[in-house]
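Please construct the entire structure, taking both the sequences and the accompanying hints into account.
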Amino acid sequence: MMATEAIKYIIGIGEPLIGRLILYEALGMTYREMKISRDENCPLCGENPVITKLIDDYDAAAENPDTFAPAAD
Amino acid sequence: MKSYRQIVEEAKTEIPELTVDEVKSEQDKDSDFVLLDVRDEDEYRAGYIPNAVHVTRGMLEFSVENYIPDRNQKVIVYCAAGLRSLLAAKSLREMGYTDTISLAGGYRDWMAAGYPTAQDKPMSHEQLDRYSRHFMLTEVGEQGQAKLLDAKVLMVGAGGLGSPAGVYLGAAGVGHLGIIDSDVVELSNLQRQILHRTESVGTPKVQSATTTIKSLNPDIDITPYNLRLTADNVEEIFSEYDLIVDGCDNFATRYLVNDAAVLMNKPIVHGSIFQFEGQVSLFKPHEGPCYRCMYPTPPPPGMVPS
Numbered sequence: 001m002m003a004t005e006a007i008k009y010i011i012g013i014g015e016p017l018i019g020r021l022i023l024y025e026a027l028g029m030t031y032r033e034m035k036i037s038r039d040e041n042c043p044l045c046g047e048n049p050v051i052t053k054l055i056d057d058y059d060a061a062a063e064n065p066d067t068f069a070p071a072a073d
Numbered sequence: 001m002k003s004y005r006q007i008v009e010e011a012k013t014e015i016p017e018l019t020v021d022e023v024k025s026e027q028d029k030d031s032d033f034v035l036l037d038v039r040d041e042d043e044y045r046a047g048y049i050p051n052a053v054h055v056t057r058g059m060l061e062f063s064v065e066n067y068i069p070d071r072n073q074k075v076i077v078y079c080a081a082g083l084r085s086l087l088a089a090k091s092l093r094e095m096g097y098t099d100t101i102s103l104a105g106g107y108r109d110w111m112a113a114g115y116p117t118a119q120d121k122p123m124s125h126e127q128l129d130r131y132s133r134h135f136m137l138t139e140v141g142e143q144g145q146a147k148l149l150d151a152k153v154l155m156v157g158a159g160g161l162g163s164p165a166g167v168y169l170g171a172a173g174v175g176h177l178g179i180i181d182s183d184v185v186e187l188s189n190l191q192r193q194i195l196h197r198t199e200s201v202g203t204p205k206v207q208s209a210t211t212t213i214k215s216l217n218p219d220i221d222i223t224p225y226n227l228r229l230t231a232d233n234v235e236e237i238f239s240e241y242d243l244i245v246d247g248c249d250n251f252a253t254r255y256l257v258n259d260a261a262v263l264m265n266k267p268i269v270h271g272s273i274f275q276f277e278g279q280v281s282l283f284k285p286h287e288g289p290c291y292r293c294m295y296p297t298p299p300p301p302g303m304v305p306s
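Quick mapping for you: the protein sequence lines, in order, are chains A and B. In this text, residue positions in the first sequence follow my numbering: the first is 1, and each later residue adds one. In this text, residue positions in the second sequence follow my numbering: the first is 1, and each later residue adds one.
Note that these hints are calculated values from the structure, not bench results. Since this is a predicted model, take the numbers as computed values, not measurements. Possibly wrong hints are sitting among the right ones.
Straight-line C-alpha distance at most 27 angstroms; calculated DSSO-like pairs for lysine-lysine [to be verified]:
#, chain 1, residue 1, chain 2, residue 2
1, B, K24, B, K147
2, B, K90, B, K12
3, A, K35, B, K284
4, B, K266, A, K53
5, B, K152, B, K284
6, B, K284, B, K147
7, B, K12, B, K2
8, B, K90, B, K147
9, A, K8, B, K152
10, B, K152, B, K121
11, A, K53, B, K284
12, B, K266, A, K35
13, A, K53, B, K152
14, A, K8, B, K147
15, A, K8, B, K266
16, B, K29, B, K74
17, A, K8, B, K121
18, B, K121, B, K24
19, B, K284, A, K8
20, A, K8, B, K214
Below is the structure:
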């Protein structure tokens with residue numbers, strides 16, 4: 001599915017999965033589609049982003065989610 | 001019984017024609033029309049009018065709707081000299097296309113006038129054979145294959161998610177594949193990570209992935225990165241690629257990939273999986289959500305099994 005999505009995007013055909021999340025569950029063999037939308041308060045791609053550069057150490061930040069934003073200058 | 005001349009003369013009474021100068025000036029004015037090339041594959045390969053849609057005269061009725069769904073769209077049809085295009089434009093009228101025009105003099109006059117032409121990178125005989133099943137899909141065709149061969153895709157992770165993605169992307173002829181992973185192949189990987197083989201246990205995953213994909217398709221370039229993606233190397237690596245396929249297995253890398261891709265405006269094919277459940281999406285920065293729109297920060301450590 002990831003490869004199909006990449007190929008569609010590269011060629012520019014079909015409906016890309018932008019704004020949609022496909023959930024696949026193998027035991028029930030079900031696919032669900034969830035609409036996902038941009039968050040205007042997103043710390044990264046929102047209207048007033050607080051993350052404007054990369055965090056120095058993502059490994060350390062992953063251990064402590066409260067600090068999962070760039071270090072202050 | 002009608003002769004070929006009679007058929008052409010009849011078509012001329014029904015189908016308006018434009019000269020190459022008139023079509024060029026329409027193009028320069030940015031008028032709303034589709035230019036349709038109905039010549040054969042080998043003629044098209046030798047060169048075409050930029051932005052033309054290509055459907056051979058033989059396949060016209062079968063596949064034109066895939067390219068031009070709107071029957072009221074103005075369509076200017078051309079062929080080599082302006083005869084097949086007249087007949088094609090007439091067939092389109094019979095199919096309900098309301099505004100079809102034939103380019104008088106066709107590609108021959110277009111070239112003679114010195115107007116710009118385009119040509120796809122020529123494919124070798126082997127490529128024409130290898131990708132021939134793509135050409136049967138009208139949505140892909142030789143133009144789509146040329147885009148794949150020109151594409152630069154970075155796979156983050158050569159594990160459970162990266163394996164099927166890498167196999168298919170390589171086989172399909174994505175021309176430049178980067179693969180980044182710092183792990184070595186373990187026996188317990190092999191039950192699902194189909195890029196790797198038993199004899200590769202203990203060797204770097206990127207090396208084993210490169211060998212597998214190259215043997216599937218020697219036609220593509222692969223750049224292996226046997227290292228971990230970090231804030232220090234991500235920008236240099238991402239800058240080489242148009243699209244990121246994120247099949248990583250940890251939150252630190254997932255957030256790093258997302259942040260760097262948004263900051264550098266690169267789309268991500270996102271995938272993740274846990275036991276029997278998987279999810280997939282496409283994050284296109286500023287056109288749709290990013291990973292942080294859904295999950296601004298990762299869950300506390302220990303909350304999520306790996």
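Cross-check of the supplied hints:
no. : hint             : in the structure
1   : B:K24 to B:K147  : holds (26 angstroms)
2   : B:K90 to B:K12   : holds (9 angstroms)
3   : A:K35 to B:K284  : holds (15 angstroms)
4   : B:K266 to A:K53  : holds (15 angstroms)
5   : B:K152 to B:K284 : holds (16 angstroms)
6   : B:K284 to B:K147 : holds (19 angstroms)
7   : B:K12 to B:K2    : holds (15 angstroms)
8   : B:K90 to B:K147  : violated (32 angstroms)
9   : A:K8 to B:K152   : holds (14 angstroms)
10  : B:K152 to B:K121 : holds (16 angstroms)
11  : A:K53 to B:K284  : holds (18 angstroms)
12  : B:K266 to A:K35  : holds (21 angstroms)
13  : A:K53 to B:K152  : holds (24 angstroms)
14  : A:K8 to B:K147   : holds (11 angstroms)
15  : A:K8 to B:K266   : holds (16 angstroms)
16  : B:K29 to B:K74   : holds (15 angstroms)
17  : A:K8 to B:K121   : holds (20 angstroms)
18  : B:K121 to B:K24  : holds (24 angstroms)
19  : B:K284 to A:K8   : holds (14 angstroms)
20  : A:K8 to B:K214   : holds (22 angstroms)
Consistency note: the structure conflicts with earlier hint 8 alone.
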